[in-house]
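Here is what each chain is made of, one letter per residue.
There are 2 protein chains.
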Amino acid sequence: MNIIIVGLGLIGGSYAKAIKRYTDHHVIGIDADETVIKYALSHGAIDKVADDNDIKNADIVIVSLYPKAAADFINNNADLFKDGAVVTDSCGVKRAIYSQLSDKVFSGKFTFIGAHPMAGKEHSGFDYSDADLYKGASLIITTDEPDSTAAKLLQNLAEQIGFTRCTVCTPERHDKMIAFTSQLPHVLACSYISDPLALSHKGFSAGSFLDVTRVAFINDVMWSELFIDNADHLCDEIDELIKNLSVFKAAIKNEDKQALSRIMIKSRELKEKT
Amino acid sequence: MNIIIVGLGLIGGSYAKAIKRYTDHHVIGIDADETVIKYALSHGAIDKVADDNDIKNADIVIVSLYPKAAADFINNNADLFKDGAVVTDSCGVKRAIYSQLSDKVFSGKFTFIGAHPMAGKEHSGFDYSDADLYKGASLIITTDEPDSTAAKLLQNLAEQIGFTRCTVCTPERHDKMIAFTSQLPHVLACSYISDPLALSHKGFSAGSFLDVTRVAFINDVMWSELFIDNADHLCDEIDELIKNLSVFKAAIKNEDKQALSRIMIKSRELKEKT
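Top to bottom, those sequences are chains U and G.
Just so we're aligned: the first sequence equals residues 1 to 274 in my numbering.
Just so we're aligned: the second sequence equals residues 1 to 274 in my numbering.
Treat the hints with care, as some may be off.
Any copy will do: because identical chains look the same in the list, a pair fits if it lies in one copy or spans two.
List time: in silico EDC-like cross-link candidates among lysine to aspartate or glutamate, alpha-carbon distance up to 20 Å [what the hints assert, rightly or not]: (1) LYS273 - ASP195; (2) LYS135 - ASP59; (3) LYS253 - ASP236; (4) LYS202 - GLU272; (5) LYS273 - ASP132; (6) LYS266 - ASP195.
Keep in mind that the hints were calculated from the coordinates and are not lab data.
Can you build the whole structure from these sequences, using the hints too?
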């Protein structure tokens, strides 16, 4: 198959490298940064730099851009994608992608299926991309027809490059879950490290400090867009966390050992189940 | 030297195993649970089970019990410790230890120096103890005289068994810092995992979810005591986190990209510096 990767950042670069390493597909790259695309080509992460003909002949197009740019790219090329092509993205929000796509996308003879690889690093860019980034990870696919030829194609590719799970759900469900599982830990890391004591942590900290702050090294441009695109769910999740922190604090302040034990026993049970 | 370890849980058991493995000192154990002490003896984690004579002859006594029990043990044995002996604890709070110790402890001819090894696991008990638990960790020592013979003895032992840093500070400073670096991440893990969505995270989560929830598998008895003993500082830290989360939330709600970028750029800088 001819597979085009649009945007060779951490996610797109890792797709390119993984498909090159683990499959025989022909990998074609697009990136706005000429030094990146040349480097990727000379280092074997892609087979070719794309031109308009390649877009017309692509079997799969993986758009790994930020949400607005991804929707724009798909809208602008809707007339070029060939019949039967599968077009996907890899954005961390899904409702915002679908709502920004034009009618042309859904009436065309190609199929758009939103996707979100649950993998990442605290650093971004092609430099950090890795053929094994997706090993053991989940790929979330937002489609109503998980058994369609297009969805199967995507799931097979995912499996070939290391994903061990495909989660199929609606864009709404994706955005609600991701607000909790991924966006909230990022908001948390930034909020936690903003404490005036953070700069003096050395000599007083161990694993739990490092765990909470790992993702504080954050890409502000990408995450600003993702957070705002998912504001409703994310604000609900921040409220839920603040509520739970307040309950915990009240128990500490009241020296209520019973309440504290109850919360912690429940936490332990939840941690065991999850 | 004769070194007594009181309480062969995760921390005390790891002290015993580390001292056995990395030094030639004679390791003597005390534990309320007879099956633990017998197991530790037969498996070479200690050389001997302590009797009163051993307490009288000990050069170093490491009390690895919960705060109240640690203070009780030290108070009850204050008449037995020999001249020049160094007695230490390994509790996660320090003001509460000092305030519970009797005058006899400070007027005796032995020296008490509070300490807190910055190492742990999400599981507790001798089963999880490990000779290498302290490798690369900090030992916090609360003393006014870091150059005294007693403090030097403790620091040398710490270095021998793998600690790479000794932080010397007051009990007040310890408690303030630990509220932020260690207690808050534990409160946070429990508060985060209490979200109703936690049980459905599979297929939607990756590293940041696992990082935040790791310590939610928590020992409620020990941490209830630690949290209440440090309630003032810990409540301040929870308030600070709630404040920062609220600022973040307001920026998301207002779709204020500039404010969001400002927070995240600062987070990234802080993460780089810390």
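Is it within, between, both, or neither for LYS253 and ASP236, if the alpha carbons may be no more than 20 Å apart? Answer is between; shortest inter-copy Cα gap is 10 Å, intra-copy 26 Å.
Checking an output row: LYS266 and ASP195, CA cutoff 20 Å. Within, between, both or neither? Classified as between; 11 Å across copies, 28 Å inside a copy.
Can you tell me if LYS273 and ASP195 fall within 20 Å by alpha carbon in one copy, between copies, both or neither? Between copies only: 13 Å across chains, 32 Å inside a chain, cut-off 20 Å.
With identical chains, the pair LYS202 and GLU272 could be close in the same copy or across copies; at 20 Å between alpha carbons, which is it: within, between, both, or neither? between (31 Å within a copy, 13 Å between copies)
Within, between, both or neither: how does the pair LYS273, ASP132 come out at a Cα-Cα threshold of 20 Å? neither (28 Å within a copy, 29 Å between copies)
Given a CA cutoff of 20 Å, do LYS135 and ASP59 count as a within-copy pair, a between-copy pair, both, or neither? neither (23 Å within a copy, 52 Å between copies)
The structure fails to meet hints 2 and 5 from the earlier list, while all remaining hints are met.
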